[in-house]
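A.B. asks: The primary structure of each chain is shown beneath.
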Amino acid sequence: MLATKPLLIVAFIAYLLAAGLYLLHLRVRRPAVQRGAHLLVTTAFALQTLILGQRWWSAGYLPVTNLFATQFFFSWSLAAVYLYFEIRYRIGATGLFVIFLNLLLLSSAIPRDAALPPLIPALDTPLFTFHVVFSFIGYAFFAMAFSLGVLYLLQRRRGSALLPDLAQLRRLNEEAIFLGFLLFTLCMILGSLWAYVAWGYWFSWNIKGVWSFLVWLFYAGMCHAKFVRRWQGTGYAWLSIAGFGVVLFTYLGIGLLMSSNHPLE
Amino acid sequence: MIAILWRFCCSLKLAIVLASAATVTIMGGSLLLPGNPRLFGNLDALPLGEWLRSAGHQALGRTWWIYLAGLLMVLLGVNTACCFLDWLPRLRSRWRKGGEYLIHLGFVLLLAGYLWGSVAGSRSEGVRLDVGAMTAAPGLPGHYLRLEELAPMLVDGRPMGIAGRVALLRGEEPVARATVRPNHPLIYGDLVAFPASIGRSAVGIRFRVPGRGIAELTAGSRLDLADGRTLRILDFLPQAFPLPGGGFARGGDDLVDPAFRLALSGPEGNLWQGWYRLNDGVPAPLAQAGLLLQPVEPVYRLYGLFTINRDPGAPLALAGGIAMGIGALFALFSFYAKRARGDRPEIA
Chain A
246 MLATKPLLIV AFIAYLLAAG LYLLHLRVRR PAVQRGAHLL VTTAFALQTL
296 ILGQRWWSAG YLPVTNLFAT QFFFSWSLAA VYLYFEIRYR IGATGLFVIF
346 LNLLLLSSAI PRDAALPPLI PALDTPLFTF HVVFSFIGYA FFAMAFSLGV
396 LYLLQRRRGS ALLPDLAQLR RLNEEAIFLG FLLFTLCMIL GSLWAYVAWG
446 YWFSWNIKGV WSFLVWLFYA GMCHAKFVRR WQGTGYAWLS IAGFGVVLFT
496 YLGIGLLMSS NHPLE
Chain B
5 MIAILWRFCC SLKLAIVLAS AATVTIMGGS LLLPGNPRLF GNLDALPLGE
55 WLRSAGHQAL GRTWWIYLAG LLMVLLGVNT ACCFLDWLPR LRSRWRKGGE
105 YLIHLGFVLL LAGYLWGSVA GSRSEGVRLD VGAMTAAPGL PGHYLRLEEL
155 APMLVDGRPM GIAGRVALLR GEEPVARATV RPNHPLIYGD LVAFPASIGR
205 SAVGIRFRVP GRGIAELTAG SRLDLADGRT LRILDFLPQA FPLPGGGFAR
255 GGDDLVDPAF RLALSGPEGN LWQGWYRLND GVPAPLAQAG LLLQPVEPVY
305 RLYGLFTINR DPGAPLALAG GIAMGIGALF ALFSFYAKRA RGDRPEIA
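Going line by line, the protein sequences match chains A and B. Under the working numbering, the first residue of the first sequence is numbered 246, with each subsequent residue one higher. Under the working numbering, the first residue of the second sequence is numbered 5, with each subsequent residue one higher.
One should not assume that every hint holds.
[To be verified] Pairs of lysine-lysine, DSS-like flavour, derived with a Cα cap of 27 Å: (1) B/LYS101 - B/LYS342; (2) B/LYS101 - A/LYS471; (3) B/LYS101 - B/LYS17; (4) B/LYS342 - A/LYS250; (5) B/LYS17 - B/LYS342; (6) A/LYS250 - B/LYS101.
Worth flagging that the hints you see were computed from the coordinates, not collected in a lab.
Using the sequences and the accompanying hints, generate a full structural model.
C.D. replies: Okay, here's the thing in structure tokens:
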């Protein structure tokens, strides 16, 4: 069995170097620098995938049942979403925020206990596994939308040649929101089914349940707002930023500031 | 006029206004939830309609936002339904948007299912069911739940769940039977039942009877003795509470001061009937009959505390969830095709 921590540290260093190269690429516009950064992110993601696969294999279930595991999985999801946009659109440094968020998550996860706890029967269902998978990948798309929203506002103010043009940023932002919303919809459906078989009701008024619904409703509204001229561009960028605030509060804020009976609290 | 009203009902901007208003209302209101556990703590223990009629109605100053959010969600549901109905006749030409509109349909069904369940559903927590015993299924007249088996599920030696076997009977006829464990409740129509916790209660005492070995005495059991005599156990009290006129009443479920009500009979008829309080020692008539009972250990029986909910809106909500799930998957896969075609809907 491969050791999780050393591999994770290597992945962290690779992400850190990639962020450095992307920043360098903003000053030195050389394709080799960008290729190097892309290679480092791909390598780090491959390492994380290896760790995830190995932990999944060892545990016999997708290990997302404690803070280390959820931070690690969220970090993996962020990298996956970043690579999706990088491979599809060559966004390069445009996704730097996502890499930084990834580094933040990993730096919080690495000191924590990586041991695989026994799976409690309440979490032993594929509904839970897919609920978590769709939830974190959805969150990752929303993080990417936040990054793109911030850059849209920056580009609008500065008109930098280092960033993609406004139309492209807007399109990418809309794509991130739409895909994130669809995945989060699947997460909510599976979560409701799970709640029904576990608690006997499919919508809970616990604070995490309510805010998860709010995340869904907010992004559902955003999926409509892109068709309203007034909300396109700048308005949409601000909404992306606000939406990620709601996501962060739902994922972290509730756990830190309030008590909830959600199984992962 | 009707066309204008219909366009208003289908309006995209109306959807955004309603969704935004509902989001802000619930966002603000939900922050009251953690700070008012006595008021909101049992929101999940009752269907919303019942909760609003009782606790919610008595504290309108802190619960008004639920009423407002409910109204906004209903209006949003109507708007979404109109939008879906408006799209339906154009299905052939706009089938590529089918995923998005299935999500609309799913949302409407989910909302309708929730409303229905909130008004007509029932929730019961902590329904005690002893192994081998039956109880009336709350909200389902003429139906009974029978607990056939129950055991804790151990993970690394620690109890982490409950497993058991439950039957649902209509009269005396079983209509459903399930092995219940975490995430596997008994589901029958709109009824869902599962053990939420497990406990054990003392139902008797195991005795050493000289010349006979070990005998388990519980309420309803009997001990056949020599010479055709019989000791019948009429009742068992784990916590005997002395009554002023003699005898005992049940003081509680904890095994504190146990007592039996016994009847000793022979071929000639009833020989003695009375109480045997363990702390007072074996009653004289039993001792004279040679029944020098020596207590060995308590006899426990497991029971489950069941959650039994009925939600008539659940099947509708399930249909909504399925529609929404299929819609999300369809929208996901059709997204790229639409992007390639440059298929963008009109801007409002």
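A.B. asks: Run every hint past the structure and note whether it holds.
C.D. replies: Hint check results:
1. B/LYS101 - B/LYS342: Holds, at roughly 9 Å.
2. B/LYS101 - A/LYS471: holds (15 Å)
3. B/LYS101 - B/LYS17: holds (19 Å)
4. B/LYS342 - A/LYS250: Not OK: B/LYS342 and A/LYS250 at ~43 Å, beyond 27 Å, violated.
5. B/LYS17 - B/LYS342: Given that 27 Å is the threshold and the Cα spacing comes to 23 Å, the pair holds.
6. A/LYS250 - B/LYS101: Status violated; Cα separation ~46 Å.
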